[in-house]
Amino acid sequence: MPAPYDRPANAENGAGHALVTGPLQAAGPLPVTQLSVACYIESIAAELRVMAMAVRLDTLAYFLEMVRIEASVQVAERADGVLGQSDG
Numbered sequence: 024m025p026a027p028y029d030r031p032a033n034a035e036n037g038a039g040h041a042l043v044t045g046p047l048q049a050a051g052p053l054p055v056t057q058l059s060v061a062c063y064i065e066s067i068a069a070e071l072r073v074m075a076m077a078v079r080l081d082t083l084a085y086f087l088e089m090v091r092i093e094a095s096v097q098v099a100e101r102a103d104g105v106l107g108q109s110d111g
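Residue numbers 24 to 111, in the numbering used here, belong to the letters of the sequence shown in order.
With beta-carbon atoms standing in for the labels, derived distance ranges:
id, residue 1, residue 2, range
1, M74, G104, 29 to 39 Å
2, G104, A77, 27 to 37 Å
3, A102, E70, 19 to 29 Å
4, D103, D81, 28 to 38 Å
5, I92, S59, 14 to 24 Å
Hints were generated in silico from the structure; no laboratory data involved. Beta carbons: idealized from backbone N, C-alpha and C, even for Gly.
Let the hints inform the model, and build the full structure from the sequences given.
Next up, the structure:
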């Protein structure tokens, strides 16, 4: 059995792309990029932070905001890379 933080075998193909299976799977294997995952994490962290703040879980809200900020940085970096690839 893998350790809790080990990547699943289908986590990444080396180019930042993955095939999602399990709970995130839609009608079949869904190709996922680092950009799309970072966008999702940014969004869900923001929602979870609002929930934590509503019930005064201040420390948890703080850490969720840090997650959101880091995800936002990752989105910006990867979006720049995607835009740069299409320009040249």
